[in-house]
Amino acid sequence: MTKKIMIVDDDPAITKYLETLFKDNGFDTCIADDGKQAMDVFLDQQPDLITLDLEMPEEWGPRFFRKISKKGYTTPVIVISGLSGRTHSIPKAEAFFAKPFKADEVLAKVKAVLGV
Amino acid sequence: MTNKLLVVDDEEGIREVLEITLTDAGYEVLTAENGFSGLDMVKTHKPEIVLTDIRMPGMDGMALLKTVKQTYPDIEVIMITGYGDANLAIDSLKIGAVDFISKPVNQDVLEIALKRANDRIRTREKLADHTRNLEILVAEKTRKLAESEKRYVQLFNESPAYITILDENLRIVESNNRFKDQFGDHPDMYCFQVRQQRKTPCDTCPVKETFADGHSHTAEMDVTLKDGRVRRFFIQTSAIPDDSGRIRHVMEMCTDITVIHQLQDHLAALGLHISSISHGIKGMLTGLDGGDYLIRAGLEKNDFQRISKGWDIIREKIAMIRQMVLNILYHSKDRTPDMQPESVFDFIQELVTTMDPRIDKAGIELILDTPKPSTDFHVIMDKTLLFGACLAILENAVDACISVANDRKKLTIHIQVAQTPDQVVFKIRDNGKGLDRQYRQKIFSLFYSDKGNKGTGLGLFIARRSVQLHQGEIHVDSVPGEFTEFTIAIPKKASDI
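These protein sequences, in sequence, are chains C and B. For the first sequence, the working numbering begins at 1 and goes up steadily by one. For the second sequence, the working numbering begins at 1 and goes up steadily by one.
In case anyone wonders, no lab produced these hints; they're calculated from the structure. Hints should not be assumed to be uniformly reliable.
Cβ-Cβ distance ranges computed for the label pairs, FRET-style [to be verified]: (1) Glu350/B to Lys36/C: 29 to 39 Å; (2) Lys36/C to Arg229/B: 42 to 52 Å; (3) Ile274/B to Arg66/C: 44 to 54 Å; (4) Glu220/B to Lys23/C: 56 to 66 Å; (5) Leu366/B to Lys36/C: 21 to 31 Å; (6) Leu285/B to Asn25/C: 28 to 38 Å.
All C-beta atoms, glycine included, are put in the ideal place defined by N, C-alpha and C.
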């Protein structure tokens with residue numbers, strides 16, 4: 001069954017980039033452009049993995065992560081952010097990639113986490 | 001050294017014998033036959049030693065002795081006594097004779113008496129020399145002391161710091177010239193009155209602490225100079241104890257560190273600047289990577305839509321980089337406003353023409369309440385500066401409208417220009433998402449943005465600076481979810497600027 005990746009980032013250029021990258025590699029995707037909207041998308045789409053930006057308007061990434069964790073979800077999260085040195089903000093994240101990231105490395109990690 | 005010596009005796013034989021003997025002994029000998037002529041010789045020749053017979057007709061030896069000692073106390077007088085003159089001899093010693101010898105004159109006794117006279121003369125000379133040296137020494141020390149005191153007063157007054165001496169009640173008992181120049185001369189006023197223009201002592205007072213423990217303390221404070229300017233001072237204190245060790249006064253030395261503070265602010269802003277720019281550039285680079293990926297993938301798959309999307313992203317990121325670079329360049333340079341009279345009508349037209357494509361695309365209705373050609377007037381302004389400020393506000397208004405496009409039936413931006421007798425007032429109001437109180441307070445701060453990766457945090461900061469360069473005011477009013485209204489008011493006349 002095709003795995004679904006949820007992309008959370010407020011920059012449309014980056015969500016488009018990741019969406020195309022993941023789709024080209026056989027994944028389904030869904031998109032949220034801020035932490036607040038992310039919860040609705042998450043509950044609706046039930047993704048297998050989340051790539052999450054940290055700094056976004058309205059609500060920032062770690063708060064969204066705390067919310068889904070409180071609800072008991074253990075969906076793996078990969079942080080992709082321009083804020084270097086903020087790995088501690090989501091300690092349970094599977095990986096932390098600093099922008100600008102290397103597409104091959106992100107893909108390899110996604111595949112490893114999803115076991116494909 | 002040859003001593004001048006006067007022999008006074010009424011007996012010529014004795015005078016001759018003594019003259020020969022004493023001349024042989026190395027004296028320059030003068031002779032007189034009685035007291036009166038002896039006194040004349042004394043007045044004329046000022047001998048160092050007078051050898052006089054006690055008993056002589058007319059003025060005797062005792063009278064001569066008295067007169068000589070009264071007039072010339074430094075002349076040593078030796079009395080020559082005859083048989084039975086013992087009491088007179090003793091009396092002569094009491095009134096100043098150095099010695100007496102009896103007739104017939106014995107050579108050895110004469111030498112002893114002369115030696116005693118000479119010793120007394122040498123001692124007196126030494127004493128006079130010593131006194132003279134002492135006087136020179138005292139005069140020299142006094143001069144040095146006065147010079148030193150003058151020097152210390154000069155150092156106190158010209159010290160490159162503001163120095164005050166305070167008593168236990170924080171009253172200024174002394175201050176240096178630098179302090180008086182900047183704060184005025186206020187004898188007996190309290191330091192907090194003069195420097196802080198307060199009625200009560202400051203909450204943190206290093207002087208009080210020094211009075212309490214005797215140690216030096218430091219503090220940083222804002223002070224107000226006599227011309228009303230506020231400066232930042234670094235204050236250091238030290239105790240001035242009296243001889244018993246009790247602290248009677250405390251010295252306060254202040255240094256103006258306003259420039260250092262400004263530099264610290266600049267450095268902090270620079271750090272923030274670099275961090276913000278670096279964060280923004282990371283996002284833009286990632287976007288460019290995305291555009292590059294879409295174009296390459298589109299070329300591989302011959303997918304024109306992907307290429308087009310990728311190219312759009314690259315163009316958007318290039319525009320963002322250009323804007324950021326322009327803002328950084330603007331922010332890094334000091335600019336003197338180029339004030340010229342400008343038509344308000346033309347100004348608004350140009351602003352609207354620039355923003356029209358975005359406003360149109362977003363489906364926003366633009367309402368203009370601005371001068372028509374018939375009601376147009378001119379305002380003295382730096383058009384580039386004020387245009388940039390209004391453009392930054394308009395762009396924010398468009399973004400605010402776009403963010404609530406799905407919830408609003410009608411999106412509007414209202415531009416109004418009105419004039420009061422002294423000011424021209426520009427208002428730009430949108431019915432977009434509005435600003436919460438926390439954001440309103442920080443909206444003009446450097447690098448503060450609520451637009452995530454899309455904002456640099458420079459636009460409104462520069463807008464405020466541009467308005468300030470016009471000696472104008474800018475403020476924002478907003479209700480979250482309802483509206484945001486920016487008001488710019490600038491003085492109307494060039495003379496006001």
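Hint compliance check: list the failing hint numbers for this structure, sorted ascending. Checked against the structure, the hints that fail are numbers 3, 6, while the rest are satisfied.
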